[in-house]
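S.K.: Here are the chains, one letter per residue:
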Amino acid sequence: MWRVTLRGLVAKKFRLALSSLSIALGVAFMAGTFVLTDTLGGVFDGLFTNTTQGVDAVVRSKLPYEPTGGQVSRDQLRPPVPESLVDVVRDVDGVARAEGSLLGYALVIGSDGEALQGQAPTFGLPWYPRSDTVNRSSEIVKGRAPRAPDEVAFDIRTFEDGGFRVGGPARVSFQTVPPREFRVVGAFLFGGSKDGPVGATLSAFTPATAQEVMNRVGQWDLIEVRAADGVSQTALRDDLRAALRADGLAADFESITGQQLADEQADELKSNLSIFNTFLLVFALVALFVGAFVIYNTFSITVAQRIREIGLLRALGATGRQVNRAVVGESLVVGVLSSVIGIVLGIALVPLLQGLLAGFGIDLPGGPLVIATRTLVVSFLVGTVVTVVSSLAPARRAARVPPITALRDQALDPAANRRRYLWGAALWVVGAVILLAGLFGGASGGDSALLIGGGAFFAFIGVAMLSPLLAGPAARVLTWPARRRGRVTARLASENAERNPRRTASTASALMIGLTLVSMVAVLAASLKGSFTETIRGQSSADFVLSPKGFFPFSPAAAEQIRAELPDATVVEYRIGVIQIGNDTVNVLGASPDFTEITDIGLRPGARRDAFARGGLYVEAPEAGARGLKVGDTVEVRFPDGPGRVTVQGIYAKELPPPFDPPFVLSLADWDRFPTTEDVSVSVLKGPGTTTREARRVVERAAAEVGGIAADDLASFIDRQIAQFDQLLNLVYVLLMLAVVIALVGIVNALALSVYERTREIGLLRAVGMTRRQLRRMVRGEALIVSAFGALLGLVIGVVFGFLIVQSVSSEGIAFALPVVQLVVFVVLAVLAGLVAGIPPARRAGRLDVLQAITSE
Amino acid sequence: MSVPSPSVTTAAARAVDVTKVYGQGDTAVHALAGVSVDFLRGQYAAIMGPSGSGKSTLLHCLAGLDRVSSGQVFLGDDEISAMNEKELTLVRRDKIGFVFQAYNLVPTLTGLENIGLPLALAGRSPDPEWLDRILTTVNLADRVGHRPNELSGGQQQRVAVARALVSRPEVIFADEPTGNLDSRSGAEILGFMRDAVRELGQTIVMVTHDPVAASYADRVVFLADGKIVDELAGPTVDSVMDRMRRLGD
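If you're matching them up, the sequences are chains A and B in order.
Just so you know, we're using numbering that gives the first Met the number 0 here: the first sequence kicks off at 0 and counts up by one.
Just so you know, we're using numbering that gives the first Met the number 0 here: the second sequence kicks off at 0 and counts up by one.
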């Protein structure tokens, strides 16, 4: 039977190539994603091995508690260590040298006045002038190290990008002190490479200056320690731990080895990377799911076409099992082939993927491609298994072909039966229930995503199984206008689509999946954007809003400057922090006490605004209800620097305007308990004595002087936020395109097979006078029916999904919105793409030789 | 040997010194080796010959389904051997009717739609009176709403004949139209075709290997080895069989 299988494959190279392509694309995306993220992981490993070079151990404060939600990093939460601890550490046995270190906010303003900031943070650090400094991650490559308080050195990339020169001036912006002018004295290479800092900018100051400008006077982030000769990293760490314990400091401070620190830092970045990896893998899986439909369809069609041949084999004594194995064997060959092609393609496409992400503002550091065994094994197995599993149903159908078929003339798929529809309906219901459970069942993030994804998976298969019921009516409705005008080609196209509703439906289903996801995303995006705009407009009366141009919060110096220059204005700063209430770690929004003058959060009567100015908490009503909190209650909390108590000063009813989602607002009067003071946003309401123009000038100047900040009025702030959101959204659309492209490959494949199957009939049509043009129009008409059917089905399901998801988060103040124009555009584009997919099979049909066609068997 | 008629207007289809060669050089096969023949308007002609005599090739060339290697083919006054693909298609649609041995009908269309197909492709609708007459002639009026798979083989061929007639073509070419039918259905079809010629004034050229079928024709042309070797007017089953037997010798 193997010989029959292989010969069958070789004979149909075109079909083989197209169906392989549908899986290979998905596998390629999967392999590409793995290689990309592994490569990044390799870069990060290297980076942190470099940044801790020479550091055998560190001493630092213990993390008070784990931050949640990813909005605050562990380093932002970890309290500093007192400077005096350095001397304690120095006296420990086995310590050769100990130096205080810190990594703080320092935004470099380039020589053109523009802040040097991409998506990476901007760091300042201390530079120890001695040649035997502990941390050897950097070396001066131009000029010299900073020695005086007004001197700075930059990493070489920042030095070049900023257009600086040795001896020239540079302006650097900080959080707790106003921007300052420095003299550039040199440039250094970090981690042995120009790309060492992975996009971050580094500014090095003398240790005392670093402490002063980065809010660490008398403090360090951590102490870096070098071991004495012959003392290992672990021995040093253990000595340090013992010393801390002996001095009674073990409750607040800890020690880990340099290697542990490197691993920890790399792991933190890599956990973000794994989110990114998952994000991309989801699209790869969607692509493979669509590819599975194409494979299923291809095998169903070819089994149907070879039904006489199979009948003959059965008549000659082949068992059903042998026939089954022959079909599955064929799919195994296709699966192996497409997986191998996909993996090769995927590795080759990594630079393209990087380019694509860079195009959407996600610049990733490059490095030597890391091709892990896992990449090869997983991609290969997934590609092969998906292909083989997709062929199981057609193979079973082939095995059930009775020998008598060899003698019959019928060569059509068996009609879809009621059992199949019952199964489809059952799957659909199960999928819908799981989906709804995921949405409304109150499961946590990861579980609910899994439930939603799994539910959608079953619902899709269910719909695909049920969709043949709709294929006929859809074909008639879609071709109605053309048929009404007496187009016989439309009539024929419609009949062709109807004669095999299962084939039409499963070809369309592949496209349906893509369109479902696209329109669901469109609905979600429109709802989010609409609600965002609505909430901001409805709740904020700010004249101006400052927001970071990049992803990172900015210095409160801007707000200070505006306050100083516009004394009658209300200037509100917002920060994000993490505290513990009881055993819960929660995010809090830090806000200037008078923020309710700009932002209406629906503060309930009885709120104590005056008291809030001296500190305290506003709590969102549902949260207050859940915790039994009322105004005046005192809450025991843990701040980053230790336990504390805060008073509930008010209960509010409205959601905070996005993107702030914590249900707690903490007065900035209490913010001295947090180690960092960056603002995520600043709102300005000008006083009556200032004209809008004056106010605008002040705000814009402050933003420009501090650097890296966008200053907008409310309308353009909304636009800017939406533009940032749209960028991500467009990336999602581009990634979903892959699923649509694979579905189009499926349409090409199915139509080409149908044309091949109908050679004789096409010959007849041509003989009795159908022109090539009419023939092509007929085939394109079929493509149009299939793509319009799939697109519309996807649209409906996508809108319903979108609606359900919006409903599930309606408590977050998000209201359903229907982006009609956009959805129409998507459907039209999909149908046009389907029409284009019809061109190759239409041309193939047009090129058939009439005489050969009518005389063919 | 038939001499081409001087009057072109009376010939519905005409081949002049037609050759058809497959392959090249030593392996070349001369399917038609210089055939000149006229088929007159209003005549029911049959082409007979042993397997490989070139009778089907001649029919295909006359119908514009195949290209001649040399010589000319006329349909009425139009030289179809000089036409391009598009012109040929339109000639087939508007001026030629076809009845094949099998696979005559589009399975997705009803009988009536199949009959109207050439006109529909031309964007026209059938003349109701003419359609009526055809349906009466082929005795199908009550079955034309059905799809081909609901019709018997004989009924399917009757639909095919009706389709061939509907556009009042210059010539109907029939390739073994009764080859797949039992003798009773075959006789029916042949009768209808003869009636189409007698009563509706059509012209039919039919390829067959069956002397009974040939006996319905007004004239039989015999082909052997790509050449016209004989012809017979007013054939009977016996006279045709007699000629065929002699050809076989």
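Hint data in this document are derived by calculation from the structure and do not stem from the laboratory.
Small disclaimer: the values here were computed from a predicted structure and weren't measured.
Hints are supplied without guarantee of correctness; some may be wrong.
[Stated by the list, open to error] Have a look at the derived ranges for each label pair, beta carbon to beta carbon:
| no. | chain 1 | residue 1 | chain 2 | residue 2 | range |
| --- | --- | --- | --- | --- | --- |
| 1 | A | 351 | B | 78 | 52 to 60 Å |
| 2 | B | 145 | A | 842 | 51 to 59 Å |
| 3 | B | 23 | A | 367 | 55 to 63 Å |
| 4 | A | 399 | B | 77 | 49 to 57 Å |
| 5 | A | 529 | B | 86 | 58 to 66 Å |
| 6 | B | 145 | A | 399 | 24 to 32 Å |
| 7 | B | 68 | A | 842 | 22 to 30 Å |
| 8 | A | 343 | B | 78 | 26 to 34 Å |
| 9 | B | 145 | A | 343 | 48 to 56 Å |
| 10 | A | 16 | B | 23 | 27 to 35 Å |
| 11 | B | 181 | A | 12 | 36 to 44 Å |
| 12 | B | 77 | A | 351 | 56 to 64 Å |
| 13 | B | 81 | A | 842 | 20 to 28 Å |
| 14 | A | 835 | B | 68 | 48 to 56 Å |
Positions of the beta carbon are idealized from the N, C-alpha and C atoms, including for glycine.
S.K.: Evaluate each hint against the coordinates.
M.R.: Status of the hints after comparison with the structure:
1. 351/A - 78/B: 52 to 60 Å: At 57 Å between Cβs, range holds.
2. 145/B - 842/A: 51 to 59 Å: For residue 145/B and residue 842/A the Cβ distance comes to about 34 Å; the hint is violated.
3. 23/B - 367/A: 55 to 63 Å: Between residue 23/B and residue 367/A, where Cβ atoms are some 58 Å apart, the hint holds.
4. 399/A - 77/B: 49 to 57 Å: Holds: the Cβ-Cβ distance is about 54 Å, inside 49 to 57 Å.
5. 529/A - 86/B: 58 to 66 Å: This hint holds: roughly 60 Å between Cβ atoms.
6. 145/B - 399/A: 24 to 32 Å: Check passed, 30 Å falls within 24 to 32 Å.
7. 68/B - 842/A: 22 to 30 Å: holds, 28 Å
8. 343/A - 78/B: 26 to 34 Å: Because 57 Å falls outside the window, the suggested range is violated.
9. 145/B - 343/A: 48 to 56 Å: holds, 54 Å
10. 16/A - 23/B: 27 to 35 Å: With a Cβ separation near 32 Å, residue 16/A and residue 23/B satisfy 27 to 35 Å, so the hint holds.
11. 181/B - 12/A: 36 to 44 Å: Holds - the Cβ-Cβ distance for residue 181/B and residue 12/A, about 42 Å, lies within 36 to 44 Å.
12. 77/B - 351/A: 56 to 64 Å: holds, 57 Å
13. 81/B - 842/A: 20 to 28 Å: Holds, since residue 81/B and residue 842/A (Cβ atoms, about 26 Å apart) stay within the stated range.
14. 835/A - 68/B: 48 to 56 Å: Hint violated: Cβ distance 40 Å, outside 48 to 56 Å.
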